[in-house]
Each structure stands twice: as C-alpha cells, then as structure tokens.
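Trainee: As a plain string of letters, each chain reads:
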Amino acid sequence: ELKVEQNPLFLSMQEGKNYTIYCNYSTTSDRLYWYRQDPGKSLESLFVLLSNGAVKQEGRLMASLDTKARLSTLHITAAVHDLSATYFCAVRQGAGNMLTFGGGTRLMVKP
Amino acid sequence: DAGVIQSPRHEVTEMGQEVTLRCKLISGHNSLFWYRQTMMRGLELLIYFNNNVPIDDSGMPEDRFSAKMPNASFSTLKIQPSEPRDSAVYFCASTWGYEQYFGPGTRLTVT
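For the record, the sequence lines run as chains A and B.
Counting from 7, one number per residue, gives the positions in the first sequence under the numbering used here.
Counting from 70, one number per residue, gives the positions in the second sequence under the numbering used here.
Hints may contain errors.
Said to hold, decoys possible - Restricting the straight-line Cα-Cα distance to at most 27 Å, the calculated cross-link-like pairs of lysine-lysine (DSS-like) are:
| # | chain 1 | residue 1 | chain 2 | residue 2 |
| --- | --- | --- | --- | --- |
| 1 | A | Lys23 | A | Lys116 |
| 2 | A | Lys47 | B | Lys137 |
| 3 | B | Lys93 | A | Lys47 |
| 4 | A | Lys23 | A | Lys62 |
| 5 | A | Lys23 | A | Lys47 |
| 6 | A | Lys74 | A | Lys116 |
| 7 | A | Lys47 | B | Lys147 |
| 8 | A | Lys9 | A | Lys74 |
| 9 | A | Lys62 | A | Lys9 |
I should point out that these hints are in silico values taken from the structure, not numbers from a laboratory.
From a predicted model like this one, the values you see are computed outputs, not experimental measurements.
Could you build the full structure based on these sequences and the hints that come with them?
Mentor: Here it is, written out as structure tokens:
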C-alpha cells in the first residue's frame with residue numbers, strides 16, 4: 007500500500023524567510039503532484055513532476071523530485087503572506103491516474 | 070473552457086436521508102475521481118472511473134455509498150442512508166493528460 011508522508015504538518019514562518027516542505031512516499035512512483043488549498047476552497051494544481059531529477063519553479067515556489075530516494079521537496083523562497091495555505095503532495099499509484107495524497111502542510115506566513 | 074462543476078455546493082440533511090452529489094466533467098476529460106476530505110482522515114480517494122467504467126472503488130467506505138457515471142461528462146455519488154460521520158467535503162476531479170483538475174467541492178453536513 008502506497009503511503010505518502012509530508013513534514014512538517016504545520017509551518018509558521020516570517021515573511022522573507024526560506025523554508026522547505028518534504029514529501030516522502032513508500033513505493034516506487036514516476037509522477038508526483040503538488041497542490042495548494044486555501045481555506046474553504048478547492049485544490050489548485052501547482053506542479054507535476056514526471057521524472058527523477060525534475061525541478062519546476064513558479065514564482066517563489068520550487069519543487070523537485072528524487073525518485074530513487076522517494077522524496078520530493080517544495081522550497082519556498084522569501085515567503086510572502088499570500089503564500090499562506092495548505093500544501094499537499096500526491097503520488098501516482100500504479101499505471102493509471104489514481105493519486106494518494108499526503109496529509110498536507112499548513113503554511114502560515116506572518117508579516 | 071469551464072472547469073469541473075459540482076452541485077450542490079452545500080448540503081445539510083438529516084441522518085437517514087438520501088443524498089446525491091453531482092459532478093460535471095471538463096469537456097474531453099476521460100477520467101473522473103471522487104474524493105472525500107475531512108480533518109481527521111485528510112483527502113481520501115473514494116472511486117475512480119475511466120471512460121465511464123469504474124476502475125477502483127476500494128475507497129468507498131461501505132454499501133451506503135454508490136457512484137455512477139451514466140455518460141462521459143456526468144457522475145453522481147449517492148449516500149443512502151446518510152449518517153453524521155459522512156459529513157465532509159466531497160470533491161470530484163477529472164484528468165487530461167497528466168493534470169488532475171478538482172471541482173469546487175460539496176460541503177455535506179449530516180445532522
């Protein structure tokens with residue numbers, strides 16, 4: 007059974023600081039997703055990582071994937087308040103499109 | 070291109086009543102997923118359809134839950150009879166290529 011673990015579960019940080027969210031998964035997979043969810047809202051796709059060593063960046067967020075270590079990171083650079091949200095990673099299981107989600111990391115960026 | 074559409078957005082019902090949640094896929098998408106999100110259990114995959122055929126329903130909690138996809142663009146999730154522990158936000162999502170797009174969700178409260 008595929009298990010996906012994120013840490014930390016909760017992160018409070020100051021604006022302007024850098025931090026990394028980690029996503030570990032238990033079985034081999036070739037596709038990993040990062041989503042953002044604002045309170046009371048749906049999930050918004052941030053990144054899809056498709057291969058070992060893949061790195062994608064959008065604004066202050068950068069995601070990477072190491073399939074050998076079964077690890078993905080979401081790095082936040084110079085955080086701003088607008089980044090406050092819950093971030094989920096999700097891993098494809100098997101050959102289809104089924105995803106298993108991590109428990110989420112709730113990020114609060116304080117002025 | 071319209072996104073995934075869900076209805077109703079909010080549903081409050083009494084224990085024992087039948088509840089039907091509806092989802093309209095993005096045109097051209099061929100896979101549909103029903104998820105349930107709660108604070109305690111996080112985001113859980115309930116059932117997955119591909120080309121209108123149920124592929125994996127192992128996440129459906131019990132026989133009270135049933136899902137149908139009568140055509141390529143529409144699906145329903147039915148709970149009969151509903152129980153207070155079914156209270157959650159229910160999301161449907163559809164896929165195109167690598168991307169999985171989430172609907173806005175239905176917040177279900179069973180009293």
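Trainee: For each hint, tell me whether it holds in the structure or not.
Mentor: Okay, the hints, checked on the actual structure:
1. Between Lys23/A and Lys116/A, the direct Cα distance comes to roughly 10 Å. Compliance with the 27 Å bound is thereby established for this hinted pair.
2. Only pairs whose Cα atoms come within 27 Å are accepted, and Lys47/A paired with Lys137/B is accepted, the gap being roughly 25 Å.
3. For the given pair, Lys93/B sits about 18 Å from Lys47/A by alpha-carbon distance, which is consistent with the 27 Å threshold.
4. Straight-line distance between C-alpha atoms of Lys23/A and Lys62/A comes to about 20 Å, which keeps the hinted pair within the 27 Å bound.
5. Between Lys23/A and Lys47/A the CA atoms are separated by roughly 26 Å; this keeps the pair inside 27 Å, and the hint holds.
6. Between Lys74/A and Lys116/A, the direct Cα distance comes to roughly 35 Å. Violation of the 27 Å bound is thereby established for this hinted pair.
7. Pair hint Lys47/A plus Lys147/B holds up; C-alpha atoms about 22 Å apart against a cutoff of 27 Å.
8. This hinted pair checks out: Lys9/A and Lys74/A have alpha carbons roughly 16 Å apart, not beyond 27 Å.
9. Restraint check for Lys62/A and Lys9/A: the C-alpha separation of about 23 Å stays at or below 27 Å, so the hint holds.
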